[in-house]
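Turn these sequences into a full structure, and let the hints guide you.
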Amino acid sequence: MGEGERREILTEPAALSPEPGREQSVGEVSGAAEAFGVRAGMSLSEALGRCPRLALIPPDPGRAAAEWERIVRALEGIGAEVESTRAGEAFFAVDGLRTLWGPRREDVLTKAARAIGRSARLAGAPNRFCAFAAASATRPRRGRRPLTVPPGGERDFLFPLSASLLDGRLRVDGGDGEGGRLVATLERLGVKTLGELAGLPRIAVADRFGALGLRAHDLASGIDTPLRPRRPHEELIQAIGLPEAAYGTQLERALELLIERLVADPRRNGRAIRSLRLEARLAGGGSWTAEAALRSASSSPERLRLALGPKLGGLAAPATTLALRALELAASGGIQPELADDPAAGRARRLAEAVRQVRAAAGRDSVLRVLDVDPESRIPERWATLAPVNEG
Amino acid sequence: MEQGAGSRERRTRGLYTPRAVHVHCCGSGVPQRVGGVPVEAVREEWLVEDRWWTPTPLRRRYLELILASGRCTVVFCDLAGGRWYEQR
Numbered sequence: 001m002g003e004g005e006r007r008e009i010l011t012e013p014a015a016l017s018p019e020p021g022r023e024q025s026v027g028e029v030s031g032a033a034e035a036f037g038v039r040a041g042m043s044l045s046e047a048l049g050r051c052p053r054l055a056l057i058p059p060d061p062g063r064a065a066a067e068w069e070r071i072v073r074a075l076e077g078i079g080a081e082v083e084s085t086r087a088g089e090a091f092f093a094v095d096g097l098r099t100l101w102g103p104r105r106e107d108v109l110t111k112a113a114r115a116i117g118r119s120a121r122l123a124g125a126p127n128r129f130c131a132f133a134a135a136s137a138t139r140p141r142r143g144r145r146p147l148t149v150p151p152g153g154e155r156d157f158l159f160p161l162s163a164s165l166l167d168g169r170l171r172v173d174g175g176d177g178e179g180g181r182l183v184a185t186l187e188r189l190g191v192k193t194l195g196e197l198a199g200l201p202r203i204a205v206a207d208r209f210g211a212l213g214l215r216a217h218d219l220a221s222g223i224d225t226p227l228r229p230r231r232p233h234e235e236l237i238q239a240i241g242l243p244e245a246a247y248g249t250q251l252e253r254a255l256e257l258l259i260e261r262l263v264a265d266p267r268r269n270g271r272a273i274r275s276l277r278l279e280a281r282l283a284g285g286g287s288w289t290a291e292a293a294l295r296s297a298s299s300s301p302e303r304l305r306l307a308l309g310p311k312l313g314g315l316a317a318p319a320t321t322l323a324l325r326a327l328e329l330a331a332s333g334g335i336q337p338e339l340a341d342d343p344a345a346g347r348a349r350r351l352a353e354a355v356r357q358v359r360a361a362a363g364r365d366s367v368l369r370v371l372d373v374d375p376e377s378r379i380p381e382r383w384a385t386l387a388p389v390n391e392g
Numbered sequence: 001m002e003q004g005a006g007s008r009e010r011r012t013r014g015l016y017t018p019r020a021v022h023v024h025c026c027g028s029g030v031p032q033r034v035g036g037v038p039v040e041a042v043r044e045e046w047l048v049e050d051r052w053w054t055p056t057p058l059r060r061r062y063l064e065l066i067l068a069s070g071r072c073t074v075v076f077c078d079l080a081g082g083r084w085y086e087q088r
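Going down the list, the sequences are from chains A and B.
First residue of the first sequence? That's 1 in the numbering used here, and the numbers climb one at a time after it.
First residue of the second sequence? That's 1 in the numbering used here, and the numbers climb one at a time after it.
Don't read these hints as lab results, they were simulated from the structure.
It is possible that part of the hints are untrue.
Said to hold, decoys possible - Quick partial rundown of chain A residues pointing at chain B, CB under 10 Å, derived from the structure:
1. Glu46
2. Gly49
3. Leu54
4. Leu368
5. Ser377
6. Arg382
7. Trp383
Idealized CB from N, CA, C, for every residue including glycine.
Encoded structure:
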């Protein structure tokens, strides 16, 4: 997406449309959409009811994940041990970094903001939920010092805040939906703030809401579980210097060597490679890169060579260095090819290809998907709408 | 992508949007002809009142009709403006 297009999206009411097969609620929303009262997680019918000219942007989870990975790596680059269970949200312990970037906690957060390199809401607090609440309350402004809640101050900070902050924070057994229902029930019972929830007898909360209620009570009281940071990823790259600027078959031979080295790299730890980037430094100055994504992750040198070989044809000048970087690895464990084609996967592949062909012939807007907006409505035009769809 | 084109392509499009239609009624308000085609029978009639809590409340008198051509259609009269629309 170009910068101009991005700006255009952010200045008009826009929201991420629901992913196929998921709950019919909108994702992140632009500031203009917020002005109409549209919020992330709101049902599609309500969002369109509040803002009929809301533009629905098809989500691109792969690209968002790649960009998020870049940000998490940037934080790991300053020494942070990052916990990130969802894109757009990262937690790390600040105190361990104070000797490096401090002395104050604000200094560490300022360093983190610089590392991220784009507008972000940052806040410091003694635990995860408190930091989330503090970050939600801030607006990113250039030059503004990040908000920090001192140790011991979490209850004073949390108590006046709305109990709706718990929505989406009560992941128990992998589900978020129950948290939303609990918050709605609390509001119906007149428990509007975190302080009011924390003030309820713990045994009564357990009796009425069970484990989920106890978790909510803990969070409202400023108690949260310890962070579980991920293990930083190692970057897999192999490079080879070419003393005499190489071209043609020499380069092909160099590529074969790089592939063999990459596949044999012990840091790969048995994981198959999903996408790669070929990088070359050119004899006349400058550099060249080409990326290749495999249809299915593989660690077969032959398949990698077939994917990368044709890319060498795009090299404009002899190269002095050739490097091969694994951009994405599959999860650990062997790849088990299917013995028989999965009919459903085959159908999905053919459908995605058909969508691409129709779009190529008749324009981007020629393939749309039907989104249920409010199927229970008594007004037929509110039942469903047509929205753009991502290519397979 | 061209400037301006992106937003146009991304805009949602309504389904089942009402289309204005000419309906000729008898004195009691029962449709006799829809778009020039005589009405054979009225299968069902119902009233929809919705969004009364908004500045643009909605009051419609719906009728499901069988036309002389054999087609089954749903029309409604917008009780605020008195105009007829065909839907579905």
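Right, here's what the structure says about each hint:
| no. | hint | verdict |
| --- | --- | --- |
| 1 | Glu46 | violated, 13 Å |
| 2 | Gly49 | holds, 9 Å |
| 3 | Leu54 | holds, 7 Å |
| 4 | Leu368 | holds, 7 Å |
| 5 | Ser377 | holds, 8 Å |
| 6 | Arg382 | holds, 8 Å |
| 7 | Trp383 | holds, 6 Å |
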